[in-house]
Each structure stands twice: as C-alpha cells, then as structure tokens.
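For the protein sequence lines, the chains are A and B, in the order given.
The numbering used here numbers the first residue of the first sequence as 7 and each following residue consecutively.
The numbering used here numbers the first residue of the second sequence as 12 and each following residue consecutively.
Everything labelled a hint here was simulated from the structure, so no lab data went into it.
The reader is advised that the hints may include incorrect statements.
To be verified - Subject to a maximum C-alpha distance of 30 Å in a straight line, what follows is the list of computed BS3-like cross-link-like pairs (lysine-lysine):
no. : chain 1 : residue 1 : chain 2 : residue 2
1   : A       : K325      : B       : K85
2   : A       : K351      : B       : K85
3   : B       : K85       : A       : K44
4   : B       : K123      : A       : K195
5   : B       : K81       : A       : K216
6   : B       : K122      : A       : K195
7   : B       : K85       : A       : K331
8   : A       : K351      : A       : K325
9   : B       : K170      : A       : K195
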Amino acid sequence: MASEQFATLESHQYDVLVIGSGGAGLRAAVQAASSGVKVGIIGKSLLGKAHTVMAEGGVAASLGNLDPWDGWETHFYDTMRSGHFINNYQMVELFAKEAAERVLELEEWGAVFDRTPEGKIMQRPFGAHTFRRLAHIGDRTGMELLRTLQYKAISQDITVHQEVTITKLLLDGDGRIAGALAYYRSTGKFVLFRAKAIVLATGGWGKIYKVTSNSWESTGDGASLAFRAGAELMDMEMVQFHPTGMVWPPGVRGLLVTEGVRGEGGLLYNSEGDRFMLKYDPERKELSSRDVVARSIFKEVQAGRGTPHGGAWLDITHKGPEFIKRKLPGMYEQYLTLADVDITKEKFEVAPTCHYTMGGVRVEAESCATNIPGLFAAGEVACGLHGANRLGGNSLADLLVFGRRAGDGALEYVQDHTSLPQVSESDVEQEMNRVLKPFSVSNGENPYLLHEQLQEIMSDHAGIVRDGPMLEDGLAKLTDLQIRAQNVGVTGSRVYNPGWHAVFEVQSMLTLAELIVRGALARKESRGAHWRTDYPDELSEVGQWNYVQDLDGDAVRVREVAVPSMPPELSQLFDRGVAPGVYASQQQAKEK
Amino acid sequence: MSEEIVLSIFRGDAAGGQEVEYRVPLTPGMVVLDAVHQVQAHQAQDLAVRWNCKAAHCGSCGAEINGRPKLLCKTRLDDYVGETVHIRPMQTFPIIKDLVADVSWNYEVAKKVPAFQPAVPVPFQMQQFDVDRIQEFHHCIECFLCQDVCHVLRDHNAKDQYFGPRFMVKMAEFEMHPRDGGDRVPMLAHEAGLNMCNVTKCCTEVCPQHIRITDNAIIPLKERVADQYWDPLRALFKKKKAPAATEQSVQG
Ligand SMILES: Cc1cc2nc3c(=O)[nH]c(=O)nc-3n(C[C@H](O)[C@H](O)[C@H](O)COP(=O)(O)OP(=O)(O)OC[C@H]3O[C@@H](n4cnc5c(N)ncnc54)[C@H](O)[C@@H]3O)c2cc1C
Ligand code: SF4
Ligand code: SF4
Ligand code: FES
Chain A
7 MASEQFATLE
17 SHQYDVLVIG
27 SGGAGLRAAV
37 QAASSGVKVG
47 IIGKSLLGKA
57 HTVMAEGGVA
67 ASLGNLDPWD
77 GWETHFYDTM
87 RSGHFINNYQ
97 MVELFAKEAA
107 ERVLELEEWG
117 AVFDRTPEGK
127 IMQRPFGAHT
137 FRRLAHIGDR
147 TGMELLRTLQ
157 YKAISQDITV
167 HQEVTITKLL
177 LDGDGRIAGA
187 LAYYRSTGKF
197 VLFRAKAIVL
207 ATGGWGKIYK
217 VTSNSWESTG
227 DGASLAFRAG
237 AELMDMEMVQ
247 FHPTGMVWPP
257 GVRGLLVTEG
267 VRGEGGLLYN
277 SEGDRFMLKY
287 DPERKELSSR
297 DVVARSIFKE
307 VQAGRGTPHG
317 GAWLDITHKG
327 PEFIKRKLPG
337 MYEQYLTLAD
347 VDITKEKFEV
357 APTCHYTMGG
367 VRVEAESCAT
377 NIPGLFAAGE
387 VACGLHGANR
397 LGGNSLADLL
407 VFGRRAGDGA
417 LEYVQDHTSL
427 PQVSESDVEQ
437 EMNRVLKPFS
447 VSNGENPYLL
457 HEQLQEIMSD
467 HAGIVRDGPM
477 LEDGLAKLTD
487 LQIRAQNVGV
497 TGSRVYNPGW
507 HAVFEVQSML
517 TLAELIVRGA
527 LARKESRGAH
537 WRTDYPDELS
547 EVGQWNYVQD
557 LDGDAVRVRE
567 VAVPSMPPEL
577 SQLFDRGVAP
587 GVYASQQQAK
597 EK
Chain B
12 MSEEIVLSIF
22 RGDAAGGQEV
32 EYRVPLTPGM
42 VVLDAVHQVQ
52 AHQAQDLAVR
62 WNCKAAHCGS
72 CGAEINGRPK
82 LLCKTRLDDY
92 VGETVHIRPM
102 QTFPIIKDLV
112 ADVSWNYEVA
122 KKVPAFQPAV
132 PVPFQMQQFD
142 VDRIQEFHHC
152 IECFLCQDVC
162 HVLRDHNAKD
172 QYFGPRFMVK
182 MAEFEMHPRD
192 GGDRVPMLAH
202 EAGLNMCNVT
212 KCCTEVCPQH
222 IRITDNAIIP
232 LKERVADQYW
242 DPLRALFKKK
252 KAPAATEQSV
262 QG
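Full structure from sequences and hints, please.
Next up, the structure:
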C-alpha cells in the first residue's frame, strides 16, 4: 500500500502542463506562456539536460543564405521523398513553410549560429537535402537550441519541475485528459498534476536497441503512457539507424559520429579499400539518405568486407588538420579522448547505430491534437512528419515548428474548456500501488538485466534487417519477457533510486517494442528505414497505408489507415524529376 | 582480460555515509561512468548517479574523482591503473544521495540573469569574427564543476554574495553579444558579486569544455564594471561606440 493518501497528496494545477523539457516541450511552454495562462513544465532530468542537447549537425530551414534557390517547396520535396511518401503532407507543408521563421526566432532569443562571409546564418550540406540548409553552431547545435529555449523559458512565467517522472496520464469520466501522476526522483514521493490540457513532448525510444546514439532519457515513456491511455500510435515499425556510430572501444559503441563528417567531405571505405557508396548510390554517394548508407555498410559487413570490429572506415584526413579541428571540433575531441584516435591523421571505424524513432503518437497537423481530448503531442514522440525516414536536421526544426503549434493548440483548447477536469481517486491510488509494488517483490527480476535482454531481442529480431519468421520469433520472446517483467523487484529506498526508475522505463520500452514488431510484421514491403528481406521491394499498394495501433481492451489492434493524399498543386512538384528549386534555376538559365 | 579496477564510491545521504569498495572488470576504453553502471547492474541497484548522454554533452555527471571535479563520462579508467578510484559527489552543494548533489541553487541563480535583449530586429548581420569570442561561452554544458571548485562558494559558502563562474560566463555571453541592448553591469557590480572573485583561475582549470572562464569572461567583465563605476565618461562613450564599430565590420 502506498504511504501517501489521495487526499493529502501534493498537487499542482495548471491550464497547460507540458511533459518533457527537451526542445519540443520548451518551445511549447514558451508559446503557451505567451498568453498569460498558467503553464508548468516537467522533465525527468534536470533542466537543460534533455536528449536534445546531443544533437550536433544542425537545424534544417530553407533560409537560402547560401543557395538562394532554396525555398519551402524544395524542403517539402526533400522531406516527402526521404519519407518515402508515407508522411502526412500537411505536416510537411506547415513545417517547410515555418522552419525558417522559427530558426530566426532562436537568433532573436540569443542563439549565435555560425556566420557566412556576408554575416548571415551559415548553412551546411547534409544527406539528401538538395541545398545547403542546416543552420548550425559547430557540431553542437542541439545544445544551442536547448540552452536558448531554457533561458527563454525561465525568463517567462513558467513553473519548472525538474527530475519528476510521470508514470500515468489520468483521464476524467468523459475520456478527457485530466492530469498526470508522478514522483520526485529526489525523494520518491508522489505528486499529482491536474491540468486542462497536456502537451506530451517526451522524446523517442532509441534505448530499446543495444547499439544506440540516444541518451538515457529515450525510453519512450510518453508514447507508452499515451498508448495505455487510449492514444493511437502510428508508423511504429519505422526506426532510423544512423549509418555512422562509433564502434570501438566497447564503452562508446553506438555514440554518434555526426553526419557533418560526411557533409564536410568524409569518405567511406570497406576493408578492401573500396569506396562502396559509389556502387550503392552513384549519384549522392556518401551523402545519400541515412537508410541507404546504413544498409550499404550493413551489406558490406555481411559480405565479409567489414573492419576489425564490424563496421566501415570513415576517412576525412584529406581535409587537413586545420579544417577538421575548426569544422568538427567535437568529433575531433570525442575520438581523441574516448578512442585514442586522431581523426586528422587516421581513418576510423563506424557502424550503424539506432538513432531516431519516426513512429509515435498520431496527431492532427495544425494543432498537434491527439485522439484524446486535451492531449497534444510534439517532437520525437509525435508522428507524421518524417514518414519512413527522417532527414538529418529535420528533427530540430520539427521541435520548433510543432512545439510552438502544440503550445498554441493547447491554448486554444483551454479557451474552450475552462473547467479543470476531475481526476479519479481510485485511479490515483491504484497507480501508486502499482508503482510501489516492486519494493515488495523479493528475489524479483533485475530491471537492468531485463533492459539488456530487451535490447538483445530487439537488435536481433527487429533491427536494421527484418523478415517474417525473425519478427514472429522476436514477438514470442518479447511476450516471455513481458511476463517476467511483472515479477520485477527493487532494493533500497524510494530516495533517488535508479533501479526503481528503471522498472518503469523497462515497462514503457516493452510496450513499444511490441508495437515496433507488430508494425513491422504488418508492413509487408521494404520502405525507407524498414527493410524486410522477405519483401525486398517498395510496393505501391502497401505505400498507401500508415499502420495505426491502439488498445482494444487489453489487446493491441493494428489498422491500415490511408496516407493523406496531396492536392495537385503539391503533387505536381514531384512530376518534373528534379527538386523545385533546381527546376526553377534551370528554367531561368534557359531563359537567359 | 581479467584485470579489475577498484572503485571506492561514496554511499550515503544528508544524514551521513561512507565510501564502499566495489570491484569491476576493466574493458578497453572504459570510463568511470561505465564502471559505475556495472556496479548498478550487478552489485548495487539503488546506487544513485546522475547521467544522461554519456558523451560529455549534457553536463549531468559531474562528481569528484580522487578529489578532482570531473565528468564521470569523460574520465578514462586507464588513467588510474593500479590506483583505487575514489568517487564522491560535488562537495559545494548539499547531497541528495550517493553521487547525486542538490544543484538547485544554480537554477535559482540562472533565473536572476537578465535575458538577452536584441537591440535590432532579426536577421542579424554579424561577422564570424564578431561572434567568435562569445561562441566560446556557448560551449558551456552547465556541469557546475566550476561552481564546485570556486573557493568563494566552496570554502566560504558565499552563495548569497556571488553567482559563481558559470554565471559570469552566462552574463558575458549576453553582455558581449554584438546585438545585445541590455546592461548587466550594475548587476555584476552588486547582486552578482563579481568582485568576490579574486582570479585564482581554479574554475578554468576544471572546465571540461576548456572555456577560459577567468581570462575571457571574468576579467573583461571586471573591466566593464571598473569602467562604468570608476570612469563614467569613458563608459558612456564605450557603450555608444560599440554598435557603430560592429556595423562597420559588417560593411567591411
Ligand atoms: C547524437 C544525436 C545527434 C542528433 N543530431 C541531430 C541534428 O543534428 N539535427 C536534428 O534535427 N536532429 C538531431 N538529432 C535528433 C534530435 O536531437 C531529437 O530527435 C530531438 O532532440 C528530440 O527532442 P524532443 O524535444 O522531442 O525530446 P527530448 O529532447 O528527448 O526530450 C524529452 C523530454 O521528456 C522528458 N521525459 C521523458 N519521459 C518522461 C517522464 N516519464 N516523465 C517526465 N518527463 C519525461 C525528458 O526528461 C526530456 O525532458 C540527434 C539525435 C542524437 C541522439
Ligand atoms: S577565478 Fe574567480 S570564479 Fe574562478 S575559481 Fe577563482 S575565485 Fe572562483
Ligand atoms: S563553464 Fe565549464 S565548468 Fe563551468 S558549468 Fe560551464 S562547462 Fe561546466
Ligand atoms: S552524462 Fe552527459 S556529460 Fe556525462
């Protein structure tokens, strides 16, 4: 039994509650607070430490500072193509039109981007972007974005709750969002949040895989909470493996090697010294889209042409030490201190690493509303913008565009729903008991080891390469693990207890892992990041669908839902065989 | 590969505690945080440690290793072969549990720093050489190791008199921004307690981001305070002059 009683529980009330203090959450909070309603924001880490801080390469926006032919149509074109056309085109359109303004807003709030010789914001080339498009600050753009929003947020009237972990979303009797139950990590004490609207911005779930670039936080709590509360999740089979993660030494396996290395001229070789990307994508070569490069490295290793620790060589030495240290200071230092490798002098090993989850909570494009009234979602937890494969730099822009839109969506909602919904006492008490149960299990399963086993299963059965029997096998193993996880136990007290925290995270990841596998089984084709050797081709009849999953009682239901189809003025952008900006420049050249 | 490393980790809370020894197998390239995770997974599930990125980006994992403030995720264990590795939480802040300190004071200070105030609308025209100087300050990961080592805060507990080096870096970042229109000098001279710093440079030595906190942030800020308070005429002249100078560099 919980030691706390419902009646005496610490509780806070907000008009808009934002769960997640990464880029998307902070942007949403800043937006909601701009109109004077009461806003709170929660993170399970300290402020300014969220996963967003790790983003390196840049934020994509068609500012056209270097390539004046860039514009929203070309950004739209690149994003749809890389997403293999299962993106929600409405989201992509809003995104491509608004990203530039959102980036300038950051500059207005104190972010200092690298400059062009004319004194404008510098933009770098990145995989599958037609033009030089990524605004950046060296190789630490995420940190700049997060820090800027963090200081903007604390200068406004926003209450920040740090190191508070939400374990359940609460609904009222009519199925409307009513609040969330959480506990303070520092004391282990429960705290109840009541709110008229909630913005979910809890990030992705890259920690489901063994080799990952993701931070500790990326365990998919929010998506799994929303799913259990009745939300629809979509495209769960779409997991991005970034082609270049560190491989050696073991402790850093998976750590990201920014695409900026290839953007600045780095070349990939196999163990025989062949530049294999010339074979897999002669046109775009090393700067092909991530799914293609990751698969190419995988195939080389499978064919016995891998490096000593099972990867490919990445070489940028030809650019010279001066250039490398100036353009890629973080990478230079990372290899030097963690791997004893001087990348200005030697080539280094890289291999694919789990990087981003395209799937997530299904939202309405304009307002980021989910199917649960009062619940909004933005950032990596949400779904629809990236389709089957995310373009580098598009996530940071996503956080800004849809973080702001979710904040506005929530604001609009609370204007129409002025009463504070009731939370049910029995829901809260049940949840407190559920969360505390592992303390009373003796000789229970170890949460850390459960997590390791989950990672093994997902890496072996639903990783970069998939097929039917492999997925079926994985599903059976997951089901076993879910049963074992019911008997998880923890030791120690409730005070700052990471073992106890891991219990909850493993539960979240187990829920989502199952959805990844079910989605992958349902999508009987290969598309973008989803590669099935038993269905190796992209099939137009399958490409009409998004796979949407929700709970039907206790069972998971998978449905085919039609991908929204583009109006003619957008679909014609794809008829010319080249990007709109390229087409326009060719036309002008002809006229001259 | 059966080499072992001996860790002596502080276990305890505000009521007290002591170091406890753990043995962990050493693997190539292992950092201290890897070893702490090994202990968590196999020997002490509830061992409290703060971390997020394990890539020296987030600044969560600051602690004291053999008495030196360091990031657990950036400190290699092969630097300590043959030695016991003593790990304790940062001492300048109250303890929560084990390696986790209560750093909330820093967030209270952060709120007092006046926000960036753009003097002109965006997009800004700024040359790379105009921003090189402040971009150094943007490298800060808010690990608070400089706050931990600063004797004003650590030995004299003068947290009510000095914001500490991290926030001098933050104020320098805004104050020296070529397009900032704010004036933080009065705050630096009074509430922020810049004069408490006697330029020992201990903060610069521990900064994992190699920010030259003392030379590039604190000393120039001290000069601004001195100008404004001891030479008001010169200060007026400087404040007016600064934007004009950068405007020129844009055209040039
Ligand atoms: C190494 C790396 C480099 C990258 N580089 C780029 C790049 O160059 N360009 C680009 O566009 N994208 C990049 N990405 C992707 C991008 O960084 C992420 O997709 C993005 O930051 C996600 O932001 P978010 O706001 O959605 O969530 P996050 O930043 O993940 O924040 C999630 C928030 O939710 C909170 N939270 C989670 N669960 C709970 C809970 N149960 N209770 C309370 N709070 C909770 C967390 O504490 C955190 O505050 C990169 C990713 C990685 C890993
Ligand atoms: S130089 Fe100043 S701020 Fe830095 S440690 Fe010494 S007294 Fe503290
Ligand atoms: S200035 Fe350096 S030591 Fe201080 S908080 Fe920032 S990164 Fe850490
Ligand atoms: S864990 Fe992020 S800095 Fe060490």
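Verification of the supplied hints:
1. A:K325 x B:K85: 27 Å, holds
2. A:K351 x B:K85: 22 Å, holds
3. B:K85 x A:K44: 40 Å, violated
4. B:K123 x A:K195: 29 Å, holds
5. B:K81 x A:K216: 27 Å, holds
6. B:K122 x A:K195: 26 Å, holds
7. B:K85 x A:K331: Roughly 19 Å separates the two Cα atoms, so the pair holds.
8. A:K351 x A:K325: 10 Å, holds
9. B:K170 x A:K195: 28 Å, holds
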